[in-house]
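In order, the protein sequence lines correspond to chains A and B.
Residue 144 in this note's numbering is what sits at position 144 of the first sequence, and the numbering runs on without skipping anything.
When you read off a place in the second sequence, starting at 1, and then add 1000, the result is the number in this note's numbering.
The hints are simulated quantities; they were obtained by calculation from the structure and are not laboratory data.
Take these hints with a grain of salt, some might be off.
Claimed, not checked - Some but not every residue of chain B turned toward chain A, in silico, with C-beta under 8 Å:
| hint | residue |
| --- | --- |
| 1 | G1048 |
| 2 | E1055 |
| 3 | H1060 |
| 4 | K1091 |
| 5 | M1092 |
| 6 | K1198 |
| 7 | G1221 |
| 8 | T1239 |
| 9 | P1241 |
| 10 | G1386 |
| 11 | H1401 |
| 12 | H1408 |
| 13 | S1412 |
| 14 | D1440 |
Quick caveat, the model's predicted, so the values are computed rather than measured.
Using N, Cα and C, we set each Cβ at its ideal position, and we do this for glycine too.
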Amino acid sequence: MEKKKIVEELKEKFPEKIKETSSDFGDDTVIIDRDFLGNLVQYLRKEPYEYTMLLDLTCVDYLGREPRFEMVYHLLSLTEKHRLRIKVPLSEKNLSVESMASIWKNANWLEREVYDMFGVRFYGHPDLRRLFMYDGFEGYPLRKDYPLRKRQPRIPLRK
Amino acid sequence: MSTRIQKEAKKDSLLINMGPSHPAMHGTIRIMVELDGERILNSEVEVGYLHRGFEKTCEHKTYFNLLPYTDRMNYVSPLINNLGYVMTMEKMLGIEVPEKAQYIRVILSELSRISDHLTCIAAMAMECGAFTILLYKMKAREFIWDVIEQTTGARMTTSHIRIGGVRSDLHPGYEEVLKKAVVETRNVLKDVSGLLDKNKIFLDRTRDIAVVSPETAINYGWTGPCLRSTGVYFDVRKTFPYLVYDKMDFEVPLGERGDNYDRYMVRMREMEQSLRIIEQAMKKIPKSAAGTMAKGMEPAEAIKTSRDKRVEKKIILSPNLEGSEKVKYQDILTKSKKVVVPPKEDTYTSIEGLISHFKFFMDEHGIRPPKGEVYFAVEGGNGELGYYIVSDGTDKPYRLHVRAPCFHVMASLEEMIHGHYIADVIPTFGSVNMIGGEMDR
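Make a model of the complete structure from these sequences and hints.
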């Protein structure tokens, strides 16, 4: 009962900002515009919700759909004992979203990973570089139009 | 191309590399440190040396076929990694698992947790110069792996926990082996406690080094023993109980200061609790509903007979793994036939069985969860091990993302070692238990 309330409460509080809510498979989800992300996160971090932990941050590439990309944030509230998912659709033309690195420190690496794998730009990120791949890697490997066995060009030795 | 630390470094300080191939960098990771004498002024951690494209590979594998890849994530506790993936799928498919299989899963994942913690502390102590600890802990780990080996047929890459249940029942004589493993591990824990708990050298190197406050830990998304060492009560087994953990009586050890010593201590205490869970599970595990196997025909004989007439007698097949016979299916696998491999007895002796076998393994058939996305997490050796799976209704995941617990801990390493001596990097790095395969995926 408690769990459903949070999604509904948010919907009542921000009726224009929250585009959609769902609870498929018991996972509470809110879909919002990217401009609203910072505000919503700040609101959720405070009482009574206290979603103080960023569990996970990733991206999904829905090739052929508009908007093509979708950022997925999983938050955890230790007091409410509840996980919440926030989804932010992003179009390919303007592939950028506000960085959460100033709010959660682990977002620094997580956003670097998403930038590395999908090419999403995070404005306000202190040091946006590739995380797993090397400098000089071409393309974004987890995008759906990146072939599984694509070869990479040789890169010169680092001086 | 210069890295961040090269740009930031002062002119008169010394820049050195630790890793990627350094004996104390478990797996491969590179830490660049800027030094003033022995003191660390600044550091940069570079990861990705073990990146194998796990998530990309999974998008091109069927749900059944990608299971062995999850073993290779955290190779010290592969069974928990199987469990995380499998339970996410079960949440998506909405299937129930028999009670006995749930107990088997609990026993196996607790054994894995102990082996994970043993390895972590063994390496940490060895790097501080206590080589004896490594040998003691490896001894205990062998006893644990004996149980795992006899049941699953493999030591590390087990792939034992399957969607819908487990691959096979526990080994017939498992009780004795398991009891021995529990006793031996207790002895080792006692020995190690005696050697390390009040050891001056060990205390000097771990006490008040790399102290992390609860707020910082939460801000970094720490989970598992590392978070609990700072005094925050969060254990997925207690907060979001899964399997039969709510029927088990165990405590969640907490630390006070969040330094290296607390991380060591929390792991030691947690192993004791895991042993308690195993003992309770051994008592509570339901007796096999199937009982012993009935006598019947050998497969070769059955195949020969089936050419002329339908085989009426029971077929005794010696499968690759003992305990995965058809009679055991009711104990170890879900009733939902679409998600489990059909029994070999049927496959080899009846045309319907053969068809269902092919239907299971053919592309575009097999396990096809409904459209949607799901997140589920289990308590791994290092913390909340979460799987995020997006399904588009086909037999391959559209997107599979793993929330690796040590990724978040490693993201904070730069802050943890800041201002300490270079020798402190080693116990700090050892205490957080970085697993390359899990972090880099």
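Consistency of the hints with the structure:
Given hint, B/G1048 at the interface with chain A, holds; its Cβ is 4 Å from that chain's nearest Cβ, closer than 8 Å. Here the hint on B/E1055 is kept, as its CB sits about 6 Å from the closest CB of chain A, short of 8 Å. Restraint check, B/H1060 versus chain A: the minimum CB separation of about 5 Å is within 8 Å; hint holds. Checking B/K1091 against chain A by beta carbon gives a least distance of about 6 Å; that is within 8 Å, so the hint holds.
Proximity of B/M1092 to chain A holds as hinted, the smallest CB-CB distance being about 6 Å (cut-off 8 Å). With a cut of 8 Å, the hint placing B/K1198 at the interface with chain A is violated, because the nearest CB-to-CB distance is about 33 Å. The criterion of a C-beta within 8 Å of any C-beta in chain A is met by B/G1221, whose closest approach is roughly 4 Å, and the hint holds. With 8 Å as the threshold, the beta carbon of B/T1239 comes within range of chain A, its nearest partner Cβ sitting at about 5 Å, so the hint holds.
With its C-beta approaching chain A no nearer than about 11 Å, B/P1241 sits outside the 8 Å limit, and its interface hint is violated. For the restraint placing B/G1386 at the interface with chain A, the shortest Cβ-Cβ distance is roughly 6 Å, inside the 8 Å limit, so the hint holds. Here the hint on B/H1401 is kept, as its CB sits about 4 Å from the closest CB of chain A, short of 8 Å. Restraint check, B/H1408 versus chain A: the minimum CB separation of about 5 Å is within 8 Å; hint holds.
Restraint check, B/S1412 versus chain A: the minimum CB separation of about 7 Å is within 8 Å; hint holds. With 8 Å as the threshold, the beta carbon of B/D1440 comes within range of chain A, its nearest partner Cβ sitting at about 6 Å, so the hint holds.
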